[in-house]
Amino acid sequence: MTPGLDATILADALRSLSLPRTVYTYGSIGSTMDLARPLLKTLPPEQFPILLVADEQRTGRGRKGRPWMAPPGSALLLSLVLQPTWLKPSEAVYLVWMAAVALCEAIETVTPLQPVLKWPNDLLLATPSPAGPTLSKAAGLLLEINSTAEYLAWAIIGCGVNLTSAPPADQTRYPATSLAAAGAEIDRMALLIALMQRIDGWYQRLAAGERDVLFRAWRSRLVTLGQQVRIETADGLVSGLAEQVEPDGTLLVRQASGELYPVTTGDVGL
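Numbering-wise (full-length UniProt numbering), the sequence shown opens with residue 1 and increments by one.
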């Protein structure tokens with residue numbers, strides 16, 4: 001189990017950054033995402049961005065509402081509440097890319113691990129196995145937004161990182177691992193501080209218009225590209241070679257027929 005997080009110590013450590021302005025830490029809760037939404041209605045604008053961190057989640061969830069539960073101290077569990085009104089609704093995906101790249105960079109800063117990304121937003125680590133190292137999911141990201149037709153009103157980025165344990169195989173759609181299982185000693189506070197430092201830097205660059213730079217940084221970490229994939233989409237199963245990713249995040253899959261199939265959302269198996 002990793003040590004608990006103290007809101008005062010954490011806020012002091014992050015004081016030099018432009019975000020967050022407000023920090024909340026919790027023990028055992030349902031989910032940080034559920035606690036984040038009411039704050040948008042009750043707190044004044046000057047208290048945003050807001051960071052919420054929990055020691056345990058009992059009803060957390062990932063993409064498509066799938067459960068993401070974590071025992072006490074076993075994971076880094078957080079939500080970051082932003083008000084990026086300078087982004088269009090179609091540009092919300094940049095926030096997920098920002099968090100994904102920042103998380104990779106933070107893990108590389110505080111551990112010897114080399115994370116990669118599985119399209120669209122899963123972080124994978126090489127984990128020892130009898131057959132040799134295998135890539136398994138160690139973290140996931142979730143984004144909720146509210147917008148007008150022209151701009152984002154708010155966004156909540158949810159992040160869950162398996163530090164010392166991972167869900168059993170019968171509870172996951174993709175093999176799961178933890179940073180400990182991948183061979184890293186964990187300092188949760190150090191990882192959280194490194195993550196917020198990287199997010200702060202990328203958020204400022206995104207606000208300054210460096211969208212192409214962020215896209216290239218995200219794309220360069222996609223282990224999906226160049227791989228044979230099977231993707232469960234709303235229209236059915238798509239299989240083929242993951243050939244390229246478009247600037248809007250669309251994955252282009254070359255099917256056996258030669259057709260290039262665009263995938264905007266789906267579950268990827270490598």
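Among the hints, erroneous ones may be present.
[As the list claims (entries may be wrong)] Just the calculated beta-carbon pair ranges, DEER-fashion: (1) Gly258 / Ala7: 30 to 36 angstroms; (2) Thr59 / Ser257: 21 to 27 angstroms; (3) Pro72 / Thr8: 16 to 22 angstroms; (4) Tyr174 / Ala92: 21 to 27 angstroms; (5) Leu241 / Leu40: 40 to 46 angstroms; (6) Asn146 / Glu185: 36 to 42 angstroms.
Quick caveat, the hints were computed from the structure, so don't treat them as lab data. The beta carbon of each residue, even a glycine, is placed where N, CA and C say it ideally should be.
Hint-by-hint comparison with the structure:
1. Distance hint check for Gly258 and Ala7: the Cβ-Cβ separation is about 56 angstroms, which falls outside the suggested range of 30 to 36 angstroms.
2. For the pair Thr59 and Ser257, the supplied restraint of 21 to 27 angstroms is violated, since their beta-carbon distance comes to about 43 angstroms.
3. At about 20 angstroms, the beta-carbon gap between Pro72 and Thr8 stays in the expected band of 16 to 22 angstroms.
4. Checking the proposed 21 to 27 angstroms range against Tyr174 and Ala92 shows it holds: the Cβ atoms sit about 24 angstroms from each other.
5. Range check, Leu241 to Leu40: Cβ separation about 42 angstroms, and the 40 to 46 angstroms hint holds.
6. Between Asn146 and Glu185 the CB atoms are about 39 angstroms apart, so this pair conforms to the stated range of 36 to 42 angstroms.
Of the numbered hints given earlier, the model fails hints 1, 2; all others are met.
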